[in-house]
Structures are given as C-alpha cells and as structure tokens.
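Asker: Listed below are the residues making up each chain.
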Amino acid sequence: MKTNIVENFEHPVFNPLELLIETPAMKLLHDQIQKWLWTGATGSVVKGVSRTGKTTAMYALGNQLNSRNNTPIPVHRFSIHKRDKPTIRSVFMRMCNSADIYTTPRTVTDKLSDSFLHYLLDKTHEYKTNRIVLIVDEMQRLKSWQFDAFAELYDELRDPFNVLLMVIFIANDPECVELIEEMEDSTHAHIYGRFFTLESDFLGLTSEKSVKSCLCQYDSLRFPLNSGPTYTEYFLPKEYRNGWRLSTLSRPIWTVFREYKQNYKLKSWGMQYFITSINTLLTDLLPHYGVDAFSEEMIHESIKVSRLIPSMVKDRS
Amino acid sequence: MYLSYGNALKHPYESGYSIFRRSIIANPTLNLNSITKILKTNNEFDYSLINSLIKRNYSIDESKYNSLNFPTPNITNEPIQSHCPICAMQCYHSDLYRLPWITQCPIHKTPLIDHCPYCNKLWPHIKDIAKRDCPCCGKLINYSKLQNNASHKQTSLYKPIINLYKFIKYNDKAEQHLSYYGSIFNDRDIWPSQQNKLFPSYQIHKHPLYTKNYLTKLGVTTTNIYCKHFKIYKEPNTNRLSDRDGLYDKKYNWIANERIKALENIAKCIKASTPHSHKLEIYDFALISENNLKDSMPLCPYCVAFSLWYYRITGSPYKYTNKTKNPFSYLIEKDSTYKYFRPEPRDSYRYKNKYYTTSLRFQKWLYQRDLQSCFIKIFNYCNSIINSYNIDNNFVFQKSDIWISTLSLFDRYYDETIYCYVDPDEMKIHACFPFQSILDRNTLPKIKGTVKNCNNFKKNLKYNFIIAALKHNNISPPCNNGLNHGEYTTLLHGYKNSLV
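In order, the protein sequences belong to chains A and B.
For the first sequence, the positions run 306 to 622 when the working numbering is used.
For the second sequence, the positions run 5 to 504 when the working numbering is used.
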C-alpha cells in the first residue's frame, strides 16, 4: 500500500495546488461578495492573516459570481508584485501581463491602460453583462498613489461604456493596516470612497463544526474524479470499508488545536496549516500506526509538521 | 498573446473598415505586423489581415449577428471617399457611405465629407489607419467623445441605417428585366446598380413603403421618374433568327428615319449651344493623324463629337493603319471581336423559351433615346480629351489610356438611364426613366472659343477631311452598311437638310 502511495504522486493530497477543500469561510466570502455585487458596491478589501487561504478562496470563486438576473459576471485576478519603482505604470504593466497583453519595456502608460481597458470590455461583451470584478491580490504591496490606476479604470469603464467595475483587494492583515490608514486621509478620499468602504475579515477554521466540514470532504471527494476511491479510502482502504471515516476525528483534532489557539491567541486555524496537518495524518501517521492507535500525540505531531507554531509565534510577536 | 477586437466599440451594420479600425484602437501595444503574427499563429490567417480580423470578430457572436440580419462587411481595400466626422469620432463607418447617392449621414444628418476635420487630411486608407495619430480618423479614440454605451448600442439609433439597407435590398421578384440582347436576366444591364446615382430614384419608384420625404430626411436625393407602358406580343415561331441575323432585315426600314430624326435633334441642340457663326460639319476623323492634330489643335468638340457620332451610327467600321496616333480612331473602328458598338433596335425578348415581340412604338422610342444618349457620351468623351489637351498643351495620349477610356463607352452606347421590366401576365413592358428628354437645348455646355477653334482647324486642314468618306471612292462610304440605297439617300438628304 505504501508503495502505491509513493508511486501515485498525482493524487491531490500530494499536490497542494490541486487540493481544494471548501471551508465555511469560503462560502461566507462568496455570499459576501455576491451581496456587494448585488448592492452595486464598487470595491472592497478582504483582509486576513497570511496562509489562511484568501487567495485559494478567491480562485475557488471562479466564475461563480452572478448578477441578480443570474447572468455570470466575469472575474479577472492578478497579484501585485513589488517593484523598485512603484508607479502607476507598473500597476498597468502588471495588469497587462496578467491578461497576456503584448507589452514592451517602452510601452507608455496610456497604451497599457487602453489595452487593459479593452481587455475588460471584451470580457463584459463575452459575458453579455455590464459588470466586471477585478481581484487584486497582495494589496499591501501597493503604494497609496498607485490606486489611481484602479480609479482610472473605474472611470473609463463607467463612462462612456456603462460598465461597472468592482475591485476586490486581498490583503495580509497586519501588513495592510498602515496602508489602509493612509488611504483614510482626505487626500485619498476619491479612492477610499470607491474601494475601501467595505471590509471583510477572512478567517481560517474557527470551530469544530468547520473542521468536521473539511474532514467530511476527505471522506467524499474522489480521485480520479467521480470513479476513484475517496481520499480517505485511497490511503486507508481497509478501515474505510469497515465504516471508519476521517470526520470522526474532528472533535479530538479541534480539541488539540484549541490548546494552541488559547496559548498563542490565534483567531483561526489557517487552511495551509490545517491541510498540511491533516495530510500528514492521513498519508503517513494513520496508515503507519493504524487507526486504532490514534492518539492526540499524532495530532500534535501533525501540527508540528505543518509549522504552525513557529510561523504564528513570529507573527504574534 | 491576447488580441482584442474592440468589441466595446462594436456597432450594428458597421463596415469592414470600421471593424479594422476598432481592432487597431483596441490593441494600442500591437502594430500591424504583430496582429498578423497572432492571426497566423492561430491558424486563422486567410488571404488578408482585414478578412481574418472580420472573420474572427464575427465568430464571437455570429448567431447574434445573423439573427439581426447584419450585412456582411464589405472587405475592400479601396479608400473611403466620404465619411461622417461624428461617426468617425465614434469609430463607426458604414459601407453605405461609399454609395455616391448618400450625401449626408443618415444617423447624424451631417454632410459626408472627404477629409477628417481634425487633422485636415483625407480619410486614411485602411492600411494607413495605424500610422495616423488622430482621435477622429486614426488609431486613437477620444473616450470622452464617445456616446454613452447604453445609447449607442441601441438599435434605434441605427434604425436609419437599417432602413436604408432594407430599401436597397428590396426586390420585386415578380418583375422580369429586359436585357440589351433580348433575353431575360435577373440584373438587366440597364438597371442601375447601387453605385449608380439614379438607384434610389428607381428603387423608390417601385418600393411600396418608402416615400421621397423619408429618403430626403435620410439625406438621399431623388429625381422624378417617368413611366411609359408598351404592349408586347407573343411570337408563334420559336425557331427565329437571332437578333443580329435579322437586325438589318426589311422590317427595320424605319431606323434610317429615326437616325435622321436624332441627327436633326442633335444638330438643333448644338446650334442652341454655339454661336450663329459656327458651322457644323462632319469630318472624317479616321484620316487624321497625330501631326494634323498637333498642327491644328484645339478642335471643336461639337464638330468632332457630331462627326464621330455620325460615323458610329451610319458607317461601316474602318480598318486603320495609323490608329495608334489618333485618339478618336477607337471610337470609329470595330474592336477585335468585330462587334458593332452602336445602338440597335430591340424588338424581342425570350422568357421561359418563348419569344415575345415588342411593339414598334417601343422600338422607335427606345432607339431614338439610345441614339441621343450615344451622342452625349461621345461628346463628353471628346470634350474631356480636348480639355486635357488644352491643359497640357501637348498631345501625348497613350494607346492604352485611350483604349481603357473608350472601353467603357463601347458598353454604354445605349440609354442606360432607362429601366425596363416586363410583365408577361399583362403583356406589357414598363419603361421607367428619369428624364423626359435626354437631349434638349440645355443639355450641351456652351464652350468659349468654339468658332475660332473650329475655323482655325478647318483652315489648317484646308477642308481635305470634311466629309471625305463621301467624296472618295477608295474608302468605304459610311452609309452603306446596314442601309439600302433609298435609306442611304434619305439619310444623306436628311443630314444635308438639317444643316441648312
């Protein structure tokens, strides 16, 4: 069995980018954005501690956003990179690159802006809608003046094209606070009013219920898709056939994590740490020692492997 | 690499020119070579960049386009002569603007002009758009000047364009067009194409819905169309001779009289346009060489045209040796296919393997108009040649130039303004025409210095070529072909009378 596991590295459990476990926070975020869209919001900030799964949650949104009349709304995502010279041009350049628009180092800002504008307009035309969502990851890397690029896009789309742009900024919680405070200044009122009036905190797992919800997906998701065994069955076939399910461990797992939560004053369990912990448990510890030998020690070991403690300690300090 | 088609600037009923321009505007970081490269890499490169762009553009929502009956854009490299400046600012162009009878924008009611009001240059050729930095006609666009998307995509704004397309497309399938050679064709030679300035005048005549006032509002000017009805008869014998075989049979003995009538009419009109001292005479221009022309130019366009018409109508086509140096020889000589390029009576037509004969009244009426029309065209041609000589002061007509310019004349030696269609059920021909008379006292222009030029020319030639064909036995007399002796004498007599 172990040989099989080693051979089959295509399994999503071994590929973090392939493994998508939906959390209640994701659903909450989806509903929140949907609500903003339906109420005509022009922008918002979603902030959260790093490694909580904000980016994954945004990618999971996919093309699931709809208008009130159930028309799909196009979404374009890109992340901000840090540059030596943080300029408006560099933002447009990043936008164009993310859309695979041809650019050269000499391309002027106007051309970059026009190209990306037409890219967004093409998307709205393709979806036959007058709304479009722009998701900007790693907002904390932006400087206050660079937000004018988004304001320009918003204005150009609004008139004469009658397209309403909604920009969702994803930011790391402690790092973005300073930037947001800077934007509150009256000199940035036109930016703040457009994009910063709505805020949402993105959290990882916050309860036993949410942990159980995630574990249940290990018991139900299959690889290969639809035809293959469930993730749990794949690694623990005998136990799975005997009726054992990973979700039964939700209470002890949460109990152990709660200790860390209290000790280190964590708001939630970041998804990356949770997934790494569960994957370690599922692929190594439980097959090796057996389900019957399960103990809180295994959970401690898994959490240790996920490197939650050093990263959080560093953050909180 | 992403290629945008500028769909935000998409308009209904836009032309290929419009699609091309918005593709250029929407990809400011790309030059034409890069666009071509992208299209090539996507294996969608056809014979031209424009065609590929249009094809790709339409493939996005082809079903939508089809449902709206959007016309296929005209893929052409021809430069645009007229354009609406407001439409240009909106990055819109319609193929309708290429039509000569549309002089104002149907949407904005502004006159169509031949240059961009912003950069004061002629509207760019399709390949030059990317080179021009102009928000009105080039690769840039002023977004603040764009009409709001919500309104400019409304079909109601483009309703005039849609209605004009409907107007053009209208065709009464029941009618049968009478062709030049007597057979029925769907598109009669005489029927004006959309490019003809008379097209809307004819179309409105038969269109059941569109009124003249409505078209005027859209910037289309129309002239009154007159209508005549003639009877037709079924021919019992289907094994008849072709038109050409029977053309100069005895039953056409009336054509000499019609020619004389036309000749008199033309002479009267020339007289009305020239001073009293001007003496209209016929020259044999076939014998004129380049030297004669150089020595005795400028010519009198009235005498030249009249003489050429006379030979064209009455004479046998000559075979000349010095034609390369004579700009008029192509008008007199028969071409390589030995066709007689002159008006001929039209007496019958064929429909569903049955022959119908037109009434003699129709044949005479139509023939008379064709003769006059023929003269007007020869006169215009001669006048342009003589004018071009006067400007350049050097007679340097090349053979090819003459040949090309006369080619179009050969095909139009009949009155192309008449539109005839046949109704076999009513046994009638309906003839529609815009002018009651195509040749009257005001038709020909009054040209300054006519008498002086005419007298100088005659003096230099020493009257050697005046009616030369009638004087010398070694040259085929111009009147014997197609006419018997009596008709020949009548024509000659009538001609002489008309000049007295």
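Keep in mind that the hints were calculated from the coordinates and are not lab data.
A few of these clues could be false.
[Said to hold, decoys possible] Between beta-carbon pairs, the in silico distance windows are:
no.	chain 1	residue 1	chain 2	residue 2	range
1	A	THR492	B	LYS221	34 to 40 Å
2	A	ASN467	B	LYS41	29 to 35 Å
3	B	LYS221	A	GLN337	32 to 38 Å
4	A	THR492	B	THR220	53 to 59 Å
5	A	ASP336	B	THR40	19 to 25 Å
6	B	LYS41	A	SER525	31 to 37 Å
7	A	GLN567	B	SER148	28 to 34 Å
8	A	GLY367	B	ASN81	34 to 40 Å
9	B	LYS221	A	ASP336	52 to 58 Å
10	B	GLN198	A	LYS448	37 to 43 Å
[Stated by the list, open to error] Here are the simulated DMTMM-like pairs of lysine to aspartate or glutamate, each with C-alpha atoms no more than 25 Å apart in a straight line:
no.	chain 1	residue 1	chain 2	residue 2
11	B	LYS163	A	ASP415
12	B	LYS235	B	GLU268
13	B	LYS149	A	ASP405
14	B	LYS235	B	GLU82
15	B	LYS232	B	GLU82
16	A	LYS416	B	ASP137
17	B	LYS149	A	GLU487
18	B	LYS143	A	GLU315
19	B	LYS41	A	GLU461
20	B	LYS143	A	GLU489
Predicted model only: the values in this text are computed from it and were never measured.
No residue lacks a Cβ here, since even glycine has one placed at the ideal position from N, Cα and C.
Asker: A separate judgement is required for each hint: does it hold in the structure or not?
Answerer: Going through the hints against the structure:
Between THR492 of chain A and LYS221 of chain B the beta carbons are some 54 Å apart, a value that contradicts the proposed interval 34 to 40 Å. Taking 29 to 35 Å as the suggested C-beta distance range, the pair ASN467 of chain A and LYS41 of chain B conforms, at roughly 33 Å. At about 54 Å, the CB distance of LYS221 of chain B to GLN337 of chain A disagrees with the hint of 32 to 38 Å. For the pair THR492 of chain A and THR220 of chain B, the supplied restraint of 53 to 59 Å holds, since their beta-carbon distance comes to about 58 Å.
Separation of ASP336 of chain A from THR40 of chain B is about 47 Å and departs from the stated range, judged on CB atoms against 19 to 25 Å. Against the hinted window of 31 to 37 Å, the Cβ-Cβ separation of LYS41 of chain B and SER525 of chain A comes to about 48 Å, which falls outside the hint. The hinted window of 28 to 34 Å between GLN567 of chain A and SER148 of chain B is violated, with their beta carbons roughly 59 Å apart. Under the hint 34 to 40 Å, the C-beta atoms of GLY367 of chain A and ASN81 of chain B, about 44 Å apart, miss the expected range.
Distance hint check for LYS221 of chain B and ASP336 of chain A: the Cβ-Cβ separation is about 54 Å, which falls inside the suggested range of 52 to 58 Å. Taking the beta carbon of each, GLN198 of chain B and LYS448 of chain A are about 59 Å apart, not inside 37 to 43 Å as hinted. Between LYS163 of chain B and ASP415 of chain A the alpha-carbon distance is near 35 Å, which puts this suggested pair outside the 25 Å criterion. As the CA atoms of LYS235 of chain B and GLU268 of chain B are separated by approximately 28 Å, the hinted pair breaks the 25 Å bound.
Between the alpha carbons of LYS149 of chain B and ASP405 of chain A the distance comes to roughly 29 Å, so the proposed pair goes past 25 Å and is violated. The suggested pairing of LYS235 of chain B with GLU82 of chain B is violated, with an alpha-carbon distance near 44 Å, which exceeds 25 Å. Restraint check: the Cα-Cα separation between LYS232 of chain B and GLU82 of chain B comes to about 39 Å, which exceeds 25 Å; the hinted pair is violated. A hinted pair counts as satisfied when its Cα atoms are at most 25 Å apart, and LYS416 of chain A with ASP137 of chain B qualifies at roughly 13 Å.
Restraint check: the Cα-Cα separation between LYS149 of chain B and GLU487 of chain A comes to about 35 Å, which exceeds 25 Å; the hinted pair is violated. In summary, the hint linking LYS143 of chain B to GLU315 of chain A is not supported, as the alpha carbons are separated by about 49 Å, beyond the 25 Å threshold. Taking the CA atoms of LYS41 of chain B and GLU461 of chain A, the gap is about 29 Å. The hint is violated against a cut of 25 Å. Pair hint LYS143 of chain B plus GLU489 of chain A does not hold up; C-alpha atoms about 40 Å apart against a cutoff of 25 Å.
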